[in-house]
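K.L.:
Chains X, U, B, C and Y are the protein sequences, given in the same order. Per my numbering, the very first residue in the first sequence carries number 2; after that it's consecutive. Per my numbering, the very first residue in the second sequence carries number 2; after that it's consecutive. Per my numbering, the very first residue in the third sequence carries number 2; after that it's consecutive. Per my numbering, the very first residue in the fourth sequence carries number 2; after that it's consecutive. Per my numbering, the very first residue in the fifth sequence carries number 2; after that it's consecutive.
Calculated from the structure, these hints are not laboratory results. One or more hints might be untrue.
Since the list gives no way to pick out one identical chain from another, each pair is judged satisfied if it fits inside one copy or across any two copies.
The list that follows gives simulated cross-link-like pairs (lysine to aspartate or glutamate, EDC-like), each with its CA atoms no further than 16 angstroms apart [said to hold, decoys possible]: (1) Lys104 <-> Glu274; (2) Lys233 <-> Asp277; (3) Lys174 <-> Glu274; (4) Lys127 <-> Asp267; (5) Lys233 <-> Glu133; (6) Lys37 <-> Asp59.
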Amino acid sequence: MSKHKQAHNTHRRLLGASPGTLTYVGRAVSFATQIKLIEYNAAEVNISQIPASQQLRDLSFDPQKMYWLNVDGIHEPEVVATVGEVFQLHPLLLEDVMNTHQKPKFEYFDTGKQLFFTFKMIEYNKQTQSLEIEHLNIILAQNCVISFQEERKRDIFEPIIARLLASAGKTRKNGADYLFYALIDLVVDHYFSILDCISEHIERLEEAIINAKEPQAMHQLYGIKREILQMKKVVFPLREMISVLLREEYPMLSDNTSLYMRDVQDHISQIIENIDSYRELVASLMDLHLSQVSNKMNNIMQFLTVISVIFMPLTFIAGIYGMNFDEMPELHWHYGYPAVWGIMLALVLGMAWLFKRKGWL
Amino acid sequence: MSKHKQAHNTHRRLLGASPGTLTYVGRAVSFATQIKLIEYNAAEVNISQIPASQQLRDLSFDPQKMYWLNVDGIHEPEVVATVGEVFQLHPLLLEDVMNTHQKPKFEYFDTGKQLFFTFKMIEYNKQTQSLEIEHLNIILAQNCVISFQEERKRDIFEPIIARLLASAGKTRKNGADYLFYALIDLVVDHYFSILDCISEHIERLEEAIINAKEPQAMHQLYGIKREILQMKKVVFPLREMISVLLREEYPMLSDNTSLYMRDVQDHISQIIENIDSYRELVASLMDLHLSQVSNKMNNIMQFLTVISVIFMPLTFIAGIYGMNFDEMPELHWHYGYPAVWGIMLALVLGMAWLFKRKGWL
Amino acid sequence: MSKHKQAHNTHRRLLGASPGTLTYVGRAVSFATQIKLIEYNAAEVNISQIPASQQLRDLSFDPQKMYWLNVDGIHEPEVVATVGEVFQLHPLLLEDVMNTHQKPKFEYFDTGKQLFFTFKMIEYNKQTQSLEIEHLNIILAQNCVISFQEERKRDIFEPIIARLLASAGKTRKNGADYLFYALIDLVVDHYFSILDCISEHIERLEEAIINAKEPQAMHQLYGIKREILQMKKVVFPLREMISVLLREEYPMLSDNTSLYMRDVQDHISQIIENIDSYRELVASLMDLHLSQVSNKMNNIMQFLTVISVIFMPLTFIAGIYGMNFDEMPELHWHYGYPAVWGIMLALVLGMAWLFKRKGWL
Amino acid sequence: MSKHKQAHNTHRRLLGASPGTLTYVGRAVSFATQIKLIEYNAAEVNISQIPASQQLRDLSFDPQKMYWLNVDGIHEPEVVATVGEVFQLHPLLLEDVMNTHQKPKFEYFDTGKQLFFTFKMIEYNKQTQSLEIEHLNIILAQNCVISFQEERKRDIFEPIIARLLASAGKTRKNGADYLFYALIDLVVDHYFSILDCISEHIERLEEAIINAKEPQAMHQLYGIKREILQMKKVVFPLREMISVLLREEYPMLSDNTSLYMRDVQDHISQIIENIDSYRELVASLMDLHLSQVSNKMNNIMQFLTVISVIFMPLTFIAGIYGMNFDEMPELHWHYGYPAVWGIMLALVLGMAWLFKRKGWL
Amino acid sequence: MSKHKQAHNTHRRLLGASPGTLTYVGRAVSFATQIKLIEYNAAEVNISQIPASQQLRDLSFDPQKMYWLNVDGIHEPEVVATVGEVFQLHPLLLEDVMNTHQKPKFEYFDTGKQLFFTFKMIEYNKQTQSLEIEHLNIILAQNCVISFQEERKRDIFEPIIARLLASAGKTRKNGADYLFYALIDLVVDHYFSILDCISEHIERLEEAIINAKEPQAMHQLYGIKREILQMKKVVFPLREMISVLLREEYPMLSDNTSLYMRDVQDHISQIIENIDSYRELVASLMDLHLSQVSNKMNNIMQFLTVISVIFMPLTFIAGIYGMNFDEMPELHWHYGYPAVWGIMLALVLGMAWLFKRKGWL
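If we strip away everything but chain X, and leave its shape as in the complex, we get (with noise of 0.2 angstroms):
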């Protein structure tokens, strides 16, 4: 729950502050960056660890490798800016980056000749059962490929690193174009294990509703409306910024990389066509857990109706005969009580008549 509140307080600085600083708007969180630096080409791979944001000034860069620098942690100021510095971002691209909130957008940067990517990764942590989004940042510039990530922990583009280091494969002969086609096809790919979470939510709600078994139904159908509205808010802007991209031409793009793109496109259009569908599946569910609710209703009232109907002619004819009249024939017959039984088992079994005619039990 608090997680959603502080998605929204202090949307990149303070009120009134001047724009252009830098400073981090996100989750408190207290780790040490750090960075890795991957050189690569089609013969070799190489990949240094970076202790200090400093000694980035002091790398020397071979137009004839690849280079890929990843930071986890966007949290320091200085250190952001010094990543800044070397590869000559842009100060509004550093905002940016350091901004948790920032929605999705793709921006290319004619100076640099950069192309800027920022997305969110989505996780789905199953102990608090809610998704957990993480902001991304993946520049591309003429060799070299610089990502931001947000959490330490999780190191998102290990099996592309794996990838880098088992073979001389595709990622490896291509160009930086196409290790940025590959870290943008791993997140969408991410999105698809996402969507069948909640996929195989809805189909266990589905079933639990259907057997009317589930009473915490609308509770979960809002979780995963919820959601559903998460995704949509993080998948949406992507479609958009990927036709963008694949619109225009940029040097650093090859057309095979754009064949790629168009594929990521696909797969994202894909995953929106099933936000949409889920969409409406829960809003189904919905209106049938209601109508289950409210045939249980007409149950229960239905059971208080027979019981009360056939008890209370019953208990009236009983308060009758227990009056106190000096002259009430019928106690004084021989058979008065056989016949007051006899006259409620009548009314009983016409009654059990009646109902089974309207169908009630």
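Please arrange chains U, B, C and Y on chain X, whose structure you already have, making use of the hints.
P.N.:
Just chains U, B, C and Y, lined up with the frame of chain X:
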């Protein structure tokens, strides 16, 4: 239920696996792929089974003839890869062929001058009372059509093979593009029969709901809504696909076939309109059903109220004269007992009149 | 009900049958097709019945005159085929003529310089209280209009024939294109009368619902909604059709007639706006009706509660003094019995005051 | 109610009648048409009544002056025809003038260089508590404005006549196009006052609903929704009309007046936004009201339940000791009777505590 | 409540009054207008109060400096008119400045080379718990910004004045266009804080509703919905305004400022997305709340039913043995009384078991 679930996990390959690897994504199947080659022109038709995919390499193609290669089964990577090799298909195309979760898509591969259509066959399974969706792929090259089907049990293209064999009709006289059209047209025609199923189901429910004879109406309406959502997912992309196909000119597509394609487009938009109107009907039927549930509740409550209101005062009166006070003059009157009965009768008549006026009886 | 069902099965031919085969698709009918030829110009009019379609081949057409061939009945393939042959109509056009499930469509056949309009006539059947939809086809060639009607019983073009005969008015002075317009205009005018029916029905219901006198309101609202959906299906495509017609210039359509066509377009958009506003009204009426059902329930419950709350304590008191304890001093008081009556009266008055304050009485 | 009904029958002429016949379509009226001619320029103003339409033929127009012909009453075909003749108006234009069901429309007649604006005046009738819609037509020719009003009772253009007479202000200094603008502006200004009425009504209802003091809330909300639908029908086409008017250049419309027209357009879009937000408010109020009805039901049920649950056990206990068994030891105990009262008191207290905990008391 | 009402009456002037008259439209206020002139460049800043608007005429402007004239109070026509005269503002612009009901609008006045931005400040009033909307106007001329604020109490531009005074930062180094941007940016930043308020409110409600602790949930949800509607009205037009501003090139707007404006546009679209997702959340919360009200009703009914069903048969049995028949053998049995208690106990246990199975206990 389990089908729906399966429809989303592992959307095309393992998370983080390198793109472009040929992997079958779909239901587990075990039959052997079956390959059929139909060679035809206006003069003659020749059908041959190809027992092993390796034999495809030995085939030679006569440019004066049309060829239709139909592959039943897309789960064996080596078969798909061999077909791809022989006909020079793009790796991304083959990946889509083997991915049963791929959403409908049209692509033109400029290098091979191939049109690629991937879409879905829908069939209504009467036993499970659910829609079954089959992944279909059709590729059109110069004088050759290649079709991939997911299942082997039912050959949905049977009627077209029969037509080819039967007589030297339109299909045989025209080029491969006409065959390409005929296959798509057949699948779209199948959609109409699914619409008929849905329409019939809606009507049956409509009658049942109007006569208030279907206690499970909501479940069934929910089921129809799910089917409509499934159809929408299959049919909506087709509209766009065919309009993209018709927007540009392709060397292997004759003007005449384009005219027929426009006819298919027309049918698809008719299907989409029907889907939309079914959705509205289902929503209205839900309202109608819920209003009937409310009405039933009202009737039950009314009945309970009538009975309670009649017997409560009577029982009260009987209770009064069951009291044991020493001095209750009514008890000793000669006509006390009949008088009480009289009062009670008057009360019942009065209340009956009241309920009559309220319209409750 | 059965009409709706029929509206979808076998949308144009048998599944898998070769496209282009002339088959009648629609309700089973058995009357003989009737063909009427009207030959006119400003100076004279001449109507002749053509008993057998074969005689059409013997006709010769004078380019100085206008011809209107009206065919009542589209179920005989040989008749339709003969007309198609004589006037050189495209096979796809003839297929659409014979398919009563074809949705409204406009097409221009460049080879024959023919405009083809297929659309629907709607009539309100007062007996079955449902809309009846008839398939109509109008073809405009140079100096000639061909119209196909599904039914023979009612000739909806009667008023235009009467106008042609009556005087040398606009219709006779202008070319065949004006007649083409006049036929379409007549059908669109009919739509307004259907709107009137629906509007009247809505108003009657509105009054009944406001006065809470219509227990079957939901059924009727559902019926209206279905009628609105049917009209929508018929009218919506027309808007697009006429705007396509007006977007380009056709040799057989004069500027003057285009101006009149624009008037028709105007009316269609007025009809569509009305349809939309009726849909909203119907939705609001449903809300109103459901709220009244709720109110009625509230009233019933309130009544039951008032009665129960009044009689339960009274019955309890009566029960107390019906107990048989040896020592119950009240029973032996001289004014015990009247005192109990007094207490009961006080209770009733107290509760009446309470209910008054709560606004329940 | 009857007004709404009337609004649709016979939309412009008898079914099947020839187009272009001048017929009045609308409410039956019987007053005589009144024609007023205002002749003005910056220097002088001159108002004259024209008793019979025939006298219009005798008028001569000075190109140095502006003319405003205002016709009150559109039900006399001969008057409208005479005006049309004198000012050379197109027959289709005259047909629209006389058809009160014509939806708002803008047209430019190239032959006569006339701008034709047909739209609606709305007035709130406090007596019937409903909106009254009046058909208005304004034609702008070179130095001349012709206006047709449906009603004679209220002259809505009174303030403008007063302004013309009062001083040589903007209206008199500018051309006829400025007068044309001023008339439209006045009508749009009137719409704002209708919005005020609706807004006030919504607020009154809002307060009543929040305080749960309006049992007829649904009826009133339904009434407002109808009014909003009516306004929408009148105002929505205006937006399009004025944007079409401004898109092209017309000889009789000065740049200055176009600027003012843009202002009117601005107001119309403000009205449309308000209409939309009122619709949402009304929908929310319905939800609020229905939730209150539910709450009331809950309270009633709760009250009934509390009373039943308290008295049922008490009555049962009293019933036990009213039994006539020979051996019921409690009956002979000395403190039996007070003990029963004690048990009953304990029961009541216990249940009161239970209901307190459940929050029902 | 009364604020909403006031928001619509007399939208800009008296009905029928001549357009272009300067009249204040808004809440009645009585303070004196306050005028402040800030003169600055990178080197120095100078703030001066201008006690009477007449003194504005005596000012001389140095083209090497930037000027910011801030007017607090728009209710005095003579002040606004004087400012308009001195800075040569268009009369229509001044009319919009004085009309607090004017919806947000952007205009470019070609004659004076002025950009005119009229929009709204929103502030959350914690006391009345409602949004307060203030009318703002900003005009950008060559080296000069003029701002008009509705209120004098709070000066919302205070932080920017402070920044100007504090140091020779960006705002002072850049031209008047940057100041223009900074003012707009500040207002948009304020919107985020309103979003935070709404978001917090939604979350508090969410928690209360999930725990079923908020009986007034519907009122509060309705209140939030109204606030969202108000924000929408204020923010939606801004998106269009800024995109119009950025679409064309204006002489007084530097490329650098355009880049910053694009950033503002980005924020506005983020706000709009949030507004949309809040609307959906509120709708879902309503559903959740209504379902809980239903559940509560079900529980109450269930409880009533359980109690009634238990006590009705017991009371009936007690009634039986309270009858006074002469011959009722059970009454004389030695263990008659304990047997009755036994039967009753058995009944209660039986029913308890039944309710257990039904899941009602």
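K.L.:
The structure should be examined with respect to each hint, and the outcome stated for every one.
P.N.:
Quick rundown of the hints versus the structure:
no.: 1; hint: Lys104 <-> Glu274; verdict: between (21 angstroms within a copy, 10 angstroms between copies)
no.: 2; hint: Lys233 <-> Asp277; verdict: both (9 angstroms within a copy, 11 angstroms between copies)
no.: 3; hint: Lys174 <-> Glu274; verdict: neither (34 angstroms within a copy, 41 angstroms between copies)
no.: 4; hint: Lys127 <-> Asp267; verdict: neither (29 angstroms within a copy, 33 angstroms between copies)
no.: 5; hint: Lys233 <-> Glu133; verdict: within (14 angstroms within a copy, 28 angstroms between copies)
no.: 6; hint: Lys37 <-> Asp59; verdict: within (15 angstroms within a copy, 52 angstroms between copies)
The structure fails hints 3 and 4 (numbered hints given earlier, in ascending order).
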